[in-house]
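Asks: Below are the chains, spelled out letter by letter.
Protein chains: 2
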Amino acid sequence: MAEPLFRRLALLGIGLIGSSLARRARAGGDLAGEIIAYAPSEATRARVLELGLADRVEADPARAVAGADGVLLCAPVGAFAGLAEAIAPHLARGAILSDVGSTKQSVLRDVGPHVPAGVHFIPGHPLAGTEHSGPDAGFATLFEGRWTLLTPPPDTDAAALARLTEFWRRCGAMVKTMDAAHHDRVLAIVSHLPHLLAFTICGTADDLADESRQEVLEFAASGFRDFTRIAASDPVMWRDVFLNNREALLEMLARFTEDAQAMARAVRWGDGAYIEDKVERGRKIRRGLIELKQA
Amino acid sequence: MAEPLFRRLALLGIGLIGSSLARRARAGGDLAGEIIAYAPSEATRARVLELGLADRVEADPARAVAGADGVLLCAPVGAFAGLAEAIAPHLARGAILSDVGSTKQSVLRDVGPHVPAGVHFIPGHPLAGTEHSGPDAGFATLFEGRWTLLTPPPDTDAAALARLTEFWRRCGAMVKTMDAAHHDRVLAIVSHLPHLLAFTICGTADDLADESRQEVLEFAASGFRDFTRIAASDPVMWRDVFLNNREALLEMLARFTEDAQAMARAVRWGDGAYIEDKVERGRKIRRGLIELKQA
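If you read the sequences in order, they're chains A and B. Take the first sequence: its letter number 86 is residue 86 in our numbering, and every next letter is one higher. Take the second sequence: its letter number 121 is residue 121 in our numbering, and every next letter is one higher.
Quick caveat, the hints were computed from the structure, so don't treat them as lab data. Since this is a predicted model, take the numbers as computed values, not measurements. All C-beta atoms in this analysis are idealised placements derived from N, C-alpha and C, irrespective of residue type, glycine included. Do not rely on the hints blindly, as some may be mistaken.
From the structure, some residues in chain B lie toward chain A, with a derived Cβ separation under 8 Å [claimed, not checked]:
#1 122
#2 166
#3 191
#4 270
#5 286
Put together the whole structure using the sequences plus the hints.
Replies: Here it is, written out as C-alpha cells:
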C-alpha cells in the first residue's frame, strides 16, 4: 500500500464530487490519512457522519483547514471567494490548495488573491459527474478513466504539481495541465453550452399549453429524454458555472445561435443538401469520440 | 399461437425500423405469414436476404405490394410521395396501408391522394429508435414498452384500425390515436428540435480552430457526449423529417431561441435567480418523466 499523499485532507463542500473523493480516500489508504469535511448545512454534516465519509465534520471552514496539508474546494464556484477569504489565515504552510470547479479563470480571480505565501495554489477540474447531487450521490469510481484538468498558475512548485497529479491518478483519472482561459473556452462548448441548451428546452416545453405539456412528458422520444437527463443537474452549481464563465459561454452561444439560424433558414427554404451536410458533420464528430473511447 | 394478422406483409424500406419489424415478425408467427421487403439499393437487398429478414426482396415497390394485405412504408418520409404513386395501382383491395414516418401531416398530404378506394390508409409513428441505421441495426424488441401513435383520417374503418393497433400491441408497443397536426407539434418539441440542436452544436464545435476541436473530442464531458449520441443519426431521414415538419419545427425553434436569448441576457447581467429558476424547471420535467417511467 502506498503512503497517503496527504496526512490530513480537508474537503470544503461534500456533494457529488467531494463525497466521491471521500469514498475513494476511504476505500484505500493511499490518498489521505485523515479526512475533514466542511459543509454549511447541518443536515449535510449529519449525513456525512452517518455515511462515515469523514473523520470530522466542521461548520466553520477555517477549522476544517487547520493543520491540513491538502485542501480541496468542492463547493459551487460562486462560494469560492468567501471560502478563500475565510480559510486564508488558517492554511498550513506547504499545504496544497486546489478545487474541483467547472470554471478556472474565476477561481484564479476569486481565490488567488487570498492565498498566503508558502501555500501551493493549483486549480483543478475533474471532468466527471452525474445528474445527481449531494453526499449520497457520490461513488468511489467516479473519476476512473476520466480527465482531470489542472490549470497551475505560472511559477507553480513542480513538486506540489506532481503530488496533486498523483492524487488524481490514484483516483483513476487521466491528468492534463492547461491554461485557465483555454480550459474555460473548451468547457464552454463541450459542457456549459450543452447544459444551457438542455435547461432552456425544458423551459420551452414547460411553457406549452397544458395539453401539449402532458404529452411532451408522455411521448418524450429519445432526443428529449437525453436532454432532460442533462437538465436534472444541481441549480446552484450550474448558476455559478454560467455566471463564472460568462464571456466564453456567451461567445459559444452566439456562434451556436448563428448556426441554428442558418439551419432554420435551410429548413424554411427547403435546402436539403445543407441539412444533410450538418447531420453528416454530427456523425463525424461522433465517430471521432468513439475512436477516442470517450463515448 | 395467435393467427398472423397479415397473410403477406410488405415492408417498403428495411432500415432500423423496417428490419426491427421483420425480426419481430420472424420471431413469432403472429404478425405475418410472409414478409416481402422492398429496398432501392442492391446492397441492402442482398444483406436482407443474408440476414433472412424477408421471404422475398424486390427492387420494384409495385411488385412488393402485389397481393399484400399489409403494407408499411418504412423509408425516409421524403420518399413517400414517389412510393405512393408507384404502388397505388397495385394495392390489394382491403389492404391496410400504413407507415412509420416521424411526420404525419406530410404523410396525409403525400400519400393520401394516391390511395385507391377500398384500401385502408392509417398513418402511424412508433416512438422508438436508436442512433444506428440500416438493416443490421434493427432488433425484435425495439418497440417494447414504447408508444406508437396512429393518426387515422376521419372515417377510417374501425376494424382496420383495430387490426393495425393489434399489430403494434403484439410488437410490445402502447398505442394511442391522435390528430396528425397535434402529433407533429408534440414531436417537434420532444424529438425534432432536440435533434436540430444536437446537429447544430456538433457543427459549431467542428468550426472551432483546429487545436480546440481536438480538445473538444478529447474532453467531451457528459453534456456533449449525450448530444453527439443524438447527432449520430441518419442524415437523409432527418433531412426529410425537418423539411416535412417545417412549420411546427420552426415555431418550436423560434420559441426556444427566444428562451435561449433570455438565458443569455441573464448570464450577461448576472441574474442568478433567473438561471436557477430555469434549471429548477428542467429538474421538474425530469421528475415528471421518471414518474411516467419513460426515463
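Asks: Each hint: holds or not?
Replies: These are the hints, each one checked on the structure:
no. : hint : in the structure
1   : 122  : violated (18 Å)
2   : 166  : violated (21 Å)
3   : 191  : holds (4 Å)
4   : 270  : holds (6 Å)
5   : 286  : holds (4 Å)
Checked against the numbered hints above, the structure breaks hints 1, 2 and satisfies the rest.
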